[in-house]
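Top line first, the protein sequences correspond to chains A and B. Residue numbers for the first sequence follow my numbering, so the first one is 1 and each next one is one higher. Residue numbers for the second sequence follow my numbering, so the first one is 200 and each next one is one higher.
Just so you know, the hints here were simulated from the structure itself, not pulled from any lab data. Bear in mind the structure is a predicted one, so any value in this text is a computation, not a measurement. Any given hint could turn out to be false.
[To be verified] Part of the chain B face toward chain A, derived, beta carbon under 8 Å: (1) Val323; (2) Tyr325; (3) His327; (4) Met379; (5) Gly392; (6) Ala394; (7) Cys468.
[Unchecked claim] Derived pair list, reagent style DSSO-like, types lysine-lysine, alpha-carbon separation capped at 27 Å: (8) Lys357(B) - Lys188(A); (9) Lys68(A) - Lys181(A); (10) Lys490(B) - Lys141(A); (11) Lys69(A) - Lys257(B); (12) Lys420(B) - Lys354(B); (13) Lys50(A) - Lys146(A); (14) Lys188(A) - Lys69(A); (15) Lys137(A) - Lys291(B); (16) Lys188(A) - Lys68(A); (17) Lys5(A) - Lys420(B); (18) Lys357(B) - Lys181(A); (19) Lys188(A) - Lys5(A); (20) Lys112(A) - Lys50(A); (21) Lys420(B) - Lys188(A); (22) Lys137(A) - Lys246(B); (23) Lys337(B) - Lys354(B); (24) Lys140(A) - Lys68(A); (25) Lys291(B) - Lys188(A); (26) Lys69(A) - Lys146(A); (27) Lys226(B) - Lys188(A); (28) Lys140(A) - Lys231(B); (29) Lys50(A) - Lys181(A); (30) Lys490(B) - Lys246(B); (31) Lys181(A) - Lys235(B); (32) Lys357(B) - Lys68(A); (33) Lys257(B) - Lys141(A); (34) Lys257(B) - Lys68(A); (35) Lys231(B) - Lys257(B); (36) Lys188(A) - Lys39(A); (37) Lys357(B) - Lys140(A); (38) Lys246(B) - Lys181(A); (39) Lys69(A) - Lys5(A); (40) Lys137(A) - Lys354(B).
C-beta atoms are modelled at their ideal positions from N, C-alpha and C, and glycine is treated no differently.
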Amino acid sequence: MAIVKLRTPITREDARRLRLGDIVYVTGTFVTARDAAHKRMIQYLEEGRKMPFTFEGLTLFHCGPLVKKVDSQWNVLAAGPTTSMRMEPFENRVIQELGVRLIVGKGGMGDKTREALKRFGAAYGAFTGGAAVLAAKRIKKVKDVKWLDLGVPDAVWTFEVDCFGPVIIGMDAHGNSLFRKVQAEALKNKAGIISGFMR
Amino acid sequence: MNLEALIEDVTVDLLRLAVTKLPEDVKEALRKAYRKERNPTGRTQLKTMLDNIEAAEKAGIPICQDTGLISFYLEAGYRFNGLGKIEHILRKAVRRATFEIPLRPNALDPIMHENTNDNTGRNVPYVHWRITDGDSLKITAFPKGGGSENCCALKMMKPAEGLLGLKRFVVETVVEAGGMPCPPTIIGVGIGGGANIAMELAKMSLLRPIGEPNPDENVAKLERELYEAVNRTGVGPMGLGGDSTSLAVKVEYAHRHPASYPVAIAFQCWAARKASAVIHSNGEVEYLTHKHNPHKR
Numbered sequence: 001m002a003i004v005k006l007r008t009p010i011t012r013e014d015a016r017r018l019r020l021g022d023i024v025y026v027t028g029t030f031v032t033a034r035d036a037a038h039k040r041m042i043q044y045l046e047e048g049r050k051m052p053f054t055f056e057g058l059t060l061f062h063c064g065p066l067v068k069k070v071d072s073q074w075n076v077l078a079a080g081p082t083t084s085m086r087m088e089p090f091e092n093r094v095i096q097e098l099g100v101r102l103i104v105g106k107g108g109m110g111d112k113t114r115e116a117l118k119r120f121g122a123a124y125g126a127f128t129g130g131a132a133v134l135a136a137k138r139i140k141k142v143k144d145v146k147w148l149d150l151g152v153p154d155a156v157w158t159f160e161v162d163c164f165g166p167v168i169i170g171m172d173a174h175g176n177s178l179f180r181k182v183q184a185e186a187l188k189n190k191a192g193i194i195s196g197f198m199r
Numbered sequence: 200m201n202l203e204a205l206i207e208d209v210t211v212d213l214l215r216l217a218v219t220k221l222p223e224d225v226k227e228a229l230r231k232a233y234r235k236e237r238n239p240t241g242r243t244q245l246k247t248m249l250d251n252i253e254a255a256e257k258a259g260i261p262i263c264q265d266t267g268l269i270s271f272y273l274e275a276g277y278r279f280n281g282l283g284k285i286e287h288i289l290r291k292a293v294r295r296a297t298f299e300i301p302l303r304p305n306a307l308d309p310i311m312h313e314n315t316n317d318n319t320g321r322n323v324p325y326v327h328w329r330i331t332d333g334d335s336l337k338i339t340a341f342p343k344g345g346g347s348e349n350c351c352a353l354k355m356m357k358p359a360e361g362l363l364g365l366k367r368f369v370v371e372t373v374v375e376a377g378g379m380p381c382p383p384t385i386i387g388v389g390i391g392g393g394a395n396i397a398m399e400l401a402k403m404s405l406l407r408p409i410g411e412p413n414p415d416e417n418v419a420k421l422e423r424e425l426y427e428a429v430n431r432t433g434v435g436p437m438g439l440g441g442d443s444t445s446l447a448v449k450v451e452y453a454h455r456h457p458a459s460y461p462v463a464i465a466f467q468c469w470a471a472r473k474a475s476a477v478i479h480s481n482g483e484v485e486y487l488t489h490k491h492n493p494h495k496r
């Protein structure tokens with residue numbers, strides 16, 4: 001369990017060095033995408049259309065921020081992670097085709113993503129859900145926003161971040177998942193708890 | 200004194216208080232969880248939550264970027280003037296709050312997928328009415344985040360499954376939800392009545408303060424048993440492992456049909472946001488969940 005400072009662009013080697021439980025602080029570029037954006041990205045991939053943004057070497061941030069426009073500048077007021085599992089149907093393709101090296105979200109993701117992280121050299125980190133004001137403080141600038149027609153929470157926001165963290169590596173590039181471990185342990189505990197009820 | 204304008208102002212205030220400041224019972228429960236947490240990852244999560252609560256309160260910024268889907272729970276004295284206009288005023292307040300606080304625009308048409316951009320829409324904000332005696336209006340603003348809401352569950356159990364089946368359902372649901380509802384959560388359990396009634400009871404039970412058990416001792420006993428059970432799962436803060444999976448379990452019930460045993464489970468995330476005030480007909484306002492008094496007379 002190490003403290004790791006990462007800077008984008010993140011390489012496959014950077015991602016492969018990360019271990020479960022590592023505490024990461026990221027500096028560089030985060031690009032947000034939630035349900036609707038993921039759906040549209042898959043559609044674009046299927047139609048062979050070019051994305052109006054890039055993920056290559058960058059951090060994909062599962063987040064629908066709370067923003068306020070002051071004059072022509074967007075200010076990010078609160079930006080904690082959203083539940084990553086909603087993106088599970090799409091994430092393996094996004095990792096494969098769009099060069100994501102680090103995903104930051106909350107709650108973990110499933111086996112399809114876990115396999116893609118291993119195959120393509122990427123990792124998943126969890127930032128504390130709801131710690132949105134602390135997260136926003138690490139976002140220095142809104143560099144771009146695309147697909148605002150999806151609504152503010154679902155648009156693709158490009159943020160410049162400085163020392164964003166603590167991000168706990170919950171799924172590494174080797175097929176391991178802390179969420180799976182906790183879940184397996186909880187299932188074991190469940191059996192004991194339920195037999196306790198019967199006494 | 201313009202009572203309608205006052206109601207609108209108080210409602211905007213309640214929404215602001217709800218999203219930026221947690222009630223004291225929730226903060227104390229989180230501090231206690233942090234002190235007792237043995238898992239180091241769990242401790243970092245709880246510390247981050249507590250630091251964020253402080254930062255949000257200081258800056259007057261919403262604690263979580265998901266300022267939720269908005270519901271209001273009203274206890275309206277039948278002699279309070281203008282009850283027919285209240286829903287209209289609440290909707291105006293929500294639009295204003297969206298712009299002023301601000302709130303994230305969280306109302307989407309489920310068929311056309313368009314965001315209304317002001318947190319109002321069809322049947323939203325949701326308004327629950329209880330008509331009472333007297334001439335005061337109690338408003339509780341309840342902004343409810345999507346993450347925890349998505350873990351809510353309903354099971355139309357067979358009566359033969361009984362309490363044992365209920366306890367098993369609660370523990371299974373908590374384990375399945377894992378980190379997705381942002382534990383440590385407040386868990387509401389609604390029993391009986393019917394599908395909608397059980398779920399309504401489960402949601403409303405989340406409004407009861409953490410330290411207040413159900414006044415019926417048999418139900419309080421069930422609350423304690425479920426609380427201990429879910430905290431033994433080891434799901435922990437944010438599902439990363441630990442002792443603190445739930446801050447409290449609240450049970451409410453209605454009598455049930457002989458053939459039915461509906462059990463509903465509602466989750467409230469660690470950022471358990473709500474704010475209440477009573478508006479008296481003479482214009483006096485009492486804030487109940489937060490120390491706040493801008494309308495002093």
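Status of each hint after checking the structure:
no.: 1; hint: Val323; verdict: violated (15 Å)
no.: 2; hint: Tyr325; verdict: violated (19 Å)
no.: 3; hint: His327; verdict: violated (25 Å)
no.: 4; hint: Met379; verdict: holds (4 Å)
no.: 5; hint: Gly392; verdict: violated (24 Å)
no.: 6; hint: Ala394; verdict: violated (25 Å)
no.: 7; hint: Cys468; verdict: holds (6 Å)
no.: 8; hint: Lys357(B) - Lys188(A); verdict: holds (26 Å)
no.: 9; hint: Lys68(A) - Lys181(A); verdict: violated (39 Å)
no.: 10; hint: Lys490(B) - Lys141(A); verdict: violated (35 Å)
no.: 11; hint: Lys69(A) - Lys257(B); verdict: holds (21 Å)
no.: 12; hint: Lys420(B) - Lys354(B); verdict: holds (22 Å)
no.: 13; hint: Lys50(A) - Lys146(A); verdict: holds (13 Å)
no.: 14; hint: Lys188(A) - Lys69(A); verdict: violated (49 Å)
no.: 15; hint: Lys137(A) - Lys291(B); verdict: violated (31 Å)
no.: 16; hint: Lys188(A) - Lys68(A); verdict: violated (46 Å)
no.: 17; hint: Lys5(A) - Lys420(B); verdict: violated (48 Å)
no.: 18; hint: Lys357(B) - Lys181(A); verdict: violated (33 Å)
no.: 19; hint: Lys188(A) - Lys5(A); verdict: violated (35 Å)
no.: 20; hint: Lys112(A) - Lys50(A); verdict: holds (24 Å)
no.: 21; hint: Lys420(B) - Lys188(A); verdict: holds (25 Å)
no.: 22; hint: Lys137(A) - Lys246(B); verdict: holds (17 Å)
no.: 23; hint: Lys337(B) - Lys354(B); verdict: violated (32 Å)
no.: 24; hint: Lys140(A) - Lys68(A); verdict: holds (14 Å)
no.: 25; hint: Lys291(B) - Lys188(A); verdict: violated (50 Å)
no.: 26; hint: Lys69(A) - Lys146(A); verdict: holds (15 Å)
no.: 27; hint: Lys226(B) - Lys188(A); verdict: violated (31 Å)
no.: 28; hint: Lys140(A) - Lys231(B); verdict: violated (33 Å)
no.: 29; hint: Lys50(A) - Lys181(A); verdict: violated (38 Å)
no.: 30; hint: Lys490(B) - Lys246(B); verdict: holds (24 Å)
no.: 31; hint: Lys181(A) - Lys235(B); verdict: holds (22 Å)
no.: 32; hint: Lys357(B) - Lys68(A); verdict: violated (50 Å)
no.: 33; hint: Lys257(B) - Lys141(A); verdict: holds (22 Å)
no.: 34; hint: Lys257(B) - Lys68(A); verdict: holds (18 Å)
no.: 35; hint: Lys231(B) - Lys257(B); verdict: holds (21 Å)
no.: 36; hint: Lys188(A) - Lys39(A); verdict: violated (36 Å)
no.: 37; hint: Lys357(B) - Lys140(A); verdict: violated (55 Å)
no.: 38; hint: Lys246(B) - Lys181(A); verdict: holds (23 Å)
no.: 39; hint: Lys69(A) - Lys5(A); verdict: violated (31 Å)
no.: 40; hint: Lys137(A) - Lys354(B); verdict: violated (42 Å)
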